[in-house]
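Q: Letter by letter, the chains look like this.
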Amino acid sequence: MDVATSFTLEIVTPEGKVVDERVEYVSAPGTEGDFGVLEGHAEFLTTLKPGEIIYKDDKGEHYVAVGWGYAEVGTNSVIILADNAERATQINLERAIEDKKRWEDELSKITHADERYSLCELKLQRANARINVAGRIGKK
Amino acid sequence: MANLKDIKRRIGSVKNTRKITKAMKLVAAAKMRKAQESVVISRPYQSKMLQVIHSLAAHASETVHPLLETRDDKNILVLLFSSDKGLCGGFNANLFKGTQSLIHENEGKGIFLSVVGRKAKDFYANKNVEIVNSYIDFSRDINHELASTISKDAVDVFVSGKVDKVYIAFSEFKSVLSQEVVLRQLMPLAAEEDIDENIPTVDYLYEPSAEAILDELLKKYVEVEVYQALLESWASENGARMAAMDSATRNAGEMIDRLTLQYNRARQAAITTEIIEIVSGANALEG
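Residue numbers (our numbering), protein chains in the order written: chain A, 1 to 140; chain B, 1001 to 1287.
Hints are not guaranteed to be accurate.
[As the list claims (entries may be wrong)] Straight line, CA to CA, 25 Å or less: simulated DSS-like cross-link-like pairs of lysine-lysine:
1. B:1152 to B:1121
2. A:123 to B:1152
3. A:17 to B:1220
4. A:49 to B:1048
5. A:56 to B:1048
6. B:1031 to A:49
7. B:1048 to A:17
8. A:17 to B:1121
9. B:1121 to B:1031
10. B:1219 to A:17
Bear in mind the hints are in silico, worked out from the structure with no lab data behind them.
Please put together the full structure from these sequences, using the hints given.
A: Structure, rendered in C-alpha cells:
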C-alpha cells in the first residue's frame, strides 16, 4: 500500500479493539450525514448514528456495523469509539432479522411520547445496519 | 476418648467440605480471569474517551454543562458496588468500612445510596440512609446495558438536584491477594483538574456542535466509569472468593490430618485395652 495516501483507522469498543490498521479510505455514518475520509482530511469530531462503516485497504473493501459512537478525524488517523462494532463476517444474519422484527413490533405498540421510544428506535437502526452489512458480503 | 465411629464420620464430613471449597475456588478463579480480561480490553476505550472530553471541555467552556456544575454539597449519593453472594472473605466488609468512613466525613449532610449487589442492600437496610436505587442479581449479566441503566439513574438523581455530589465506591482489582477500596467523585465530573498540559488540544470542526457532542460524551463517560467499576468489582469479588476458598481448603486439609491422627490413636488405644484384657484373663485362668 502506498504509505503516503494511507492513514490509521482504529475502531474501539468497550469489548476491545475491532479494527487497528492502515487504510486508504473510510466512510462512516455521522449524525448529520454520512461522510468519507481520505488522507489529509481536516480535523473534525462528530457523533455517529448506528450504521455501516466502509473502509478500503490494499485487500479491498471491508464492512463494519456500528452502534452509537463518535469519530475523531485527524490528519492521518481516524479513531472511532462505538458501543459495539461487528465485522460483516461476524454477523449472525438470522439473529439480526429476528431483532429487527422484535423491535419493529415493540415500536408499533408504543407512541412517540413513550420514554422507551428512542431506545427501541436505536435498537431497530442497529439491527438494520447489521442486516445491511451482512448483505454486503452475501453478494460477493 | 471420642469413639471411633464419631471420628470417622467427622473425617468424612470435612472431606466433603473440602471438595466443595475446592470446586468453588476453581470456579472463582475462572470467573476472575475472564473479568480481568474484560477490564484490560475496555481500558483503551476509556482512556481515548477521556482524551476527547478534555479537549472538548477546553473548547466548550463558556457553556456550563449540568454534569460539570459544582454546587454546595448538601446531599450526597454514594454508588456502591458490592457482591450478591457471600463466602468471599473480607470483600464486602472492607467495602463497607470504606463507605462508612466516607459517610462519617459527610456527617450532617443527606446521605443517599445506590447499591449494586444484595450484600450492600442488606447491610444498609436498617441504617440511617436512604437507598435510592438497588440492582440485585446482577452477576449473571455484567454488560453495557446494566452499566447504562445504573449510570442513567445516577445522572437523573444528580441532574434533578436531589443530590449535589455523587461518589463511587468499589474494590479495585490489584491482585488476587489484594483488592483496594476506591472512593472517587463521579459527579460533577472533575474533568478540568487533571488535564495533561503537554497534550495539545486540537482545534476540531464539530458536527453537530461542540456542546451537543460534549453532552452525549459526558453521559457516555459516566456510563463507561460505571462499567469499569462493575468489572473491577466483579474481578475483585472473585479474587477474594478464590483466596478465601483456597485457605478454607487448606484448613480443611489440616483438620483432616488432625482427625486422622486422633482416629489412629483411639484405634490403637482400643487394641491395647483389648490385649490387656485377654492377657489378664489368661493369667487368671493359669493361676
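Q: Against the structure shown, which of the earlier numbered hints fail to hold, in ascending order?
A: 6 and 8
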